[in-house]
Structures are given as structure tokens and as C-alpha cells.
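There are 2 protein chains.
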Amino acid sequence: MTASEKPIIQVFDAYKAAVFAKDVEAFIALYDQDVCVFDLWGKWSYEGINAWRGMVAGWFGSLGTERVVVTFQDVQTFMGDIITVAHASITYQSISAEGQALRAMQNRLTWALGRKNGTWKIVHEHTSAPVDLETTKAILKR
Amino acid sequence: MTASEKPIIQVFDAYKAAVFAKDVEAFIALYDQDVCVFDLWGKWSYEGINAWRGMVAGWFGSLGTERVVVTFQDVQTFMGDIITVAHASITYQSISAEGQALRAMQNRLTWALGRKNGTWKIVHEHTSAPVDLETTKAILKR
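Line order of the protein sequences matches chains V and F.
Numbering of the first sequence is given in this note's numbering, commencing with residue 1 and proceeding in unit increments.
Numbering of the second sequence is given in this note's numbering, commencing with residue 1001 and proceeding in unit increments.
Errors might be hidden in some of the hints.
[Said to hold, decoys possible] Simulated crosslink set (EDC-like; lysine to aspartate or glutamate; CA at most 20 Å straight-line):
| # | chain 1 | residue 1 | chain 2 | residue 2 |
| --- | --- | --- | --- | --- |
| 1 | F | K1141 | V | D74 |
| 2 | V | K43 | F | D1081 |
| 3 | F | K1141 | V | D23 |
| 4 | V | K137 | F | D1132 |
| 5 | F | K1137 | V | D32 |
| 6 | V | K22 | V | E134 |
| 7 | F | K1141 | V | E98 |
| 8 | V | K43 | F | D1132 |
| 9 | V | K116 | V | D23 |
| 10 | F | K1043 | V | E47 |
| 11 | F | K1121 | V | D81 |
| 12 | V | K141 | F | D1132 |
| 13 | V | K141 | F | E1047 |
| 14 | V | K116 | F | D1081 |
| 15 | V | K141 | F | E1134 |
| 16 | F | K1137 | V | D74 |
| 17 | F | K1116 | V | E47 |
| 18 | F | K1043 | V | D81 |
| 19 | V | K137 | F | D1081 |
| 20 | F | K1043 | V | D32 |
Hints listed in this document are in silico derivations from the structure and should not be mistaken for laboratory results.
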């Protein structure tokens, strides 16, 4: 990590913290108003922060007493002046209220971050899993 | 399109032309040596130009007398100094040797392009389709 990458690493850390806390507003604060998200599940794209907030509120609300621990692997970052790209594998590990490991799932993640007024926000997110050619089912690493 | 975006539009046009011509080397020339691709089909990631060339040669080789017409929709571009991001929907329309439309498939596409020695190359590509939560099957627009 170089010094210039520090604000990008902070986005990764803030993402983990917001998911663990199930804090919709802290999570949404990481994204630009005009964000476009290509999410793994169900929908072609989410356009704008309000559509994305709806997905996030539904996700966090569905967790009950469970929490989700996020980890990133194989992170690669391309820093630019006003646009930065990062890609990684992201693991979502559900844990029970007692701290017991439940389900886990891995996605491929691409983030484009834009710098406005000195702050980096996610302007585009793309998460997915590859698809088996024969069955058209997602190949989910667990 | 602004004048500064012209080299990025040229990548889109060159991609279309290389796919239509089934020209592996022209296609591969659009990518950086160290490219990382998250492709829709079969494999978590392709690391480096040689792994990616193998996929492309297999794809073009499988087409027989068919050709593939690529079109891009909903293109959004974020220009930076040395990193640029573009996302879009991409349609692959197969046509017979006689020009008759056969299968078509749409993917979600994200490109990160890096500028080296004045030339923009794709340093990261992410294509996918969203996945149905119940069946875990890809939701493919056709």
C-alpha cells in the first residue's frame, strides 16, 4: 500500500464496518448519488442511490440476529487522479448472534471510485459469480 | 462524447471489429499484458494475457462459419488521467454465414482501461449476468 492508496483502503474498511454493524446509512455514505450497481442477485442494475439503498435495507433487515463478516482477497488497485479502480474477491461470512460461523459466499468484486471534493465515493460496483456453461447456474465459492 | 473520450470510443469500435473478424491478435491487442478478467463463463478469473488469449482463441475457433455482431448499450464512461472506467450492456448477436440472425445474449460489462505510453489498454474486464436467488441460474437477456 502506498500513501496515496490510503483513502481507498479506508473505503474497504468502512464497507466491512458498515456491513458488520448493519448500518444502512454508513453503508450508503460510501456510494455516489448517481451510482450504478451491477449486483450478483436478481436484477440487471441499480441506478442511483435510492434504488441501492432499498436493496441494502432489505439485505440488512433480512439478517435477523445474524451478522456478516466481510473479508477481501486478491485486492488490486489502479489509482488515478479522479477515478480509481479496485478489484478483489469478497467473502460474506454469516455468523450467529453467538458468534458461530454459518453460511459463507464469495463474489468477484469490481469498484470504480470517483473523487469529488477530496472524498472518494463508489460510482460503480460490479459483483458476480461465473456461470456454468451447461447448467447456467452460478459457480459459487463457499 | 468529448474529444478526450475519443480513444476510449476507439476501444469499443476496435473490440466490435476484432470480434466480427474473429481476429485473435487484434482482440488481444486491446488488453494489457497483466490483464485480470472476470468473465461470465466457467472460470473465476483469467490472469494475464496468455490465459485470456486461450479463452479468446477457443471462442473464435468454436464459431465455425458464424460471425458475432457486438453492440453496446447504456455506455457510461469515467475518464481519468491514467485510469478510465466504462460500463455498459453488451449484446453478442450470432449471425450465419448467410447473414441470418441466430442466437443473441446480453452481458453486463465493466472495463478499466489504463494509459501507458499514450495508449489505452484494458487492464481489467468484468462481464456477468445477474443470478436468480431461488434457482441460482443466470438471468440472461436474449
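Evaluated hints:
Taking the CA atoms of K1141 of chain F and D74 of chain V, the gap is about 30 Å. The hint is violated against a cut of 20 Å. As the CA atoms of K43 of chain V and D1081 of chain F are separated by approximately 32 Å, the hinted pair breaks the 20 Å bound. Taken as a hint, the K1141 of chain F and D23 of chain V pair is broken in the structure, with Cα atoms around 33 Å apart against an allowance of 20 Å. For the hint linking K137 of chain V to D1132 of chain F, the alpha-carbon distance of about 9 Å falls within 20 Å, and the restraint holds.
A distance of roughly 30 Å separates the Cα atoms of K1137 of chain F and D32 of chain V; the hinted pair therefore is violated under the 20 Å criterion. Using a Cα cut-off of 20 Å, the hinted pair K22 of chain V and E134 of chain V is violated, with the two alpha carbons roughly 37 Å apart. Of the pairs offered as hints, the one joining K1141 of chain F and E98 of chain V is violated, with about 42 Å between alpha carbons and a cut-off of 20 Å exceeded. A hinted pair counts as satisfied when its Cα atoms are at most 20 Å apart, and K43 of chain V with D1132 of chain F qualifies at roughly 8 Å.
Between K116 of chain V and D23 of chain V, the direct Cα distance comes to roughly 23 Å. Violation of the 20 Å bound is thereby established for this hinted pair. About 28 Å separates the Cα atoms of K1043 of chain F and E47 of chain V, which puts this hinted pair outside 20 Å; it is violated. A C-alpha spacing of about 18 Å is found between K1121 of chain F and D81 of chain V, which places the hinted pair at or below 20 Å, so the restraint holds. The hinted pair formed by K141 of chain V and D1132 of chain F meets the criterion: a straight-line CA distance of about 16 Å does not exceed 20 Å.
Our distance criterion of 20 Å between C-alpha atoms is met by K141 of chain V and E1047 of chain F, whose separation comes to about 18 Å. With a C-alpha separation of about 15 Å, the suggested pair K116 of chain V and D1081 of chain F falls inside the 20 Å cut-off, and the hint holds. At most 20 Å may separate the alpha-carbon atoms for a hinted pair to count; K141 of chain V and E1134 of chain F meet this at roughly 17 Å. The suggested pairing of K1137 of chain F with D74 of chain V is violated, with an alpha-carbon distance near 26 Å, which exceeds 20 Å.
Of the pairs offered as hints, the one joining K1116 of chain F and E47 of chain V is violated, with about 32 Å between alpha carbons and a cut-off of 20 Å exceeded. Distance check on the hinted pair: K1043 of chain F and D81 of chain V sit about 32 Å apart at the alpha-carbon level, beyond 20 Å; violated. Proximity of K137 of chain V to D1081 of chain F is assessed by CA-CA distance (about 39 Å); at most 20 Å being required, the pair is judged violated. With a C-alpha separation of about 31 Å, the suggested pairing of K1043 of chain F with D32 of chain V is violated against the 20 Å cut-off.
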